[in-house]
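Keeping the supplied structure of chain A fixed, place chain B upon it in accordance with the hints.
If you read the sequences in order, they're chains A and B. If you read the first sequence in my numbering, its first letter stands for residue 1, the second for the next number, and so on. If you read the second sequence in my numbering, its first letter stands for residue 1, the second for the next number, and so on.
Identical copies go unnamed one by one, so any copy, or any two together, can satisfy a pair.
30 angstroms max Cα-Cα, derived BS3-like pairs, lysine-lysine:
| no. | residue 1 | residue 2 |
| --- | --- | --- |
| 1 | K133 | K105 |
| 2 | K103 | K133 |
| 3 | K79 | K17 |
| 4 | K79 | K19 |
| 5 | K79 | K103 |
| 6 | K79 | K133 |
These are calculated hints, taken from the structure and not from any lab test. Small disclaimer: the values here were computed from a predicted structure and weren't measured.
Number of protein chains: 2
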Amino acid sequence: MGSNLYVGLVHHPIYDKRKEVVATAVTSFDIHDIARCARTYGVGGFYIMTPLESQIQLVERIVRHWTEGGGYAYNPTRKEPFSLIRISRSIDEAVREISDQWKRKVETVATGASPHPGNVSFRSLRELLDDQKRPFFILFGTGWGLTEEVKDHSDYVLEPIEGRGYNHLSVRSAVAIILDRLLGRRQM
Amino acid sequence: MGSNLYVGLVHHPIYDKRKEVVATAVTSFDIHDIARCARTYGVGGFYIMTPLESQIQLVERIVRHWTEGGGYAYNPTRKEPFSLIRISRSIDEAVREISDQWKRKVETVATGASPHPGNVSFRSLRELLDDQKRPFFILFGTGWGLTEEVKDHSDYVLEPIEGRGYNHLSVRSAVAIILDRLLGRRQM
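This is chain A alone, in the form it adopts within the complex (with noise of 0.2 angstroms):
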């Protein structure tokens, strides 16, 4: 059973150092880290976005890699994350995908470093899951982060990860942090 949530890796448009909008490229680690993630805590889909071609045909050719070429017979464990991947050119393209699928808005959810005014709170965020006919789309950016104007574009911003005094986590170590606050078994 795909669940409710769905995880988008945005690769434009994003910050880079000097605060420029720009598109990054993919990494390799990128994929395979949340990828995994996304398998584990038994989310809906991972949505890739890129709006270069060179580098869209690059993720079609890692998934074919590990999901049917060598890199299966390598690892077959690679090959039901890497089915959770979905390649799409804009946030809106991803956006109305799933919206199609089920027949309702998606509604987004950015994260990033900082706060942001009107932060949801990860308690929240996880109750509003628990309506499991409501899809959600989490979105992390690469490079320096998601532009404002997307963050301002999102449903929900989710609060940032409370770090001691430094906020500089890899977007691989905060997808699987977030993950696990949202959907792992709460016991603790």
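Just chain B now, with coordinates in the frame of chain A:
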């Protein structure tokens, strides 16, 4: 203030996919992601353990690059995490170093993807960590995981992260999730 929890990334002794005991190669993404998590959650230190001289030199070079060299100029946010890195030739050497520093034997905690007799729960380990006078050293395996011998010789073996019928997280994701469960703010 350094925490009483130390993180260790083990490259030997490690299982490969045929369950033979090997020394794995150091992965640059492991170093970056785990050091950034270690700094985020305020751990006492991050030990990278490998017996291979060439790998030790590689890690030393990477650490220098991000704390003093061109990496620091490019991205100064890596200096603090990389300053937490220590290199040891074996688990025993790291254990001795931490124990000497604390003037009491550090307690080791092995991790892995499958249950082990006498597993300690996340909740129990979190409570143990509250006693700030006792140092703990949590060990993560690369490759296909820590050997049974390492687990049997550890003071504790932590319960695995429960996946939905899938338990193949990357070591980078496992470290992120486990540090968040042990040291993250609890509010949910």
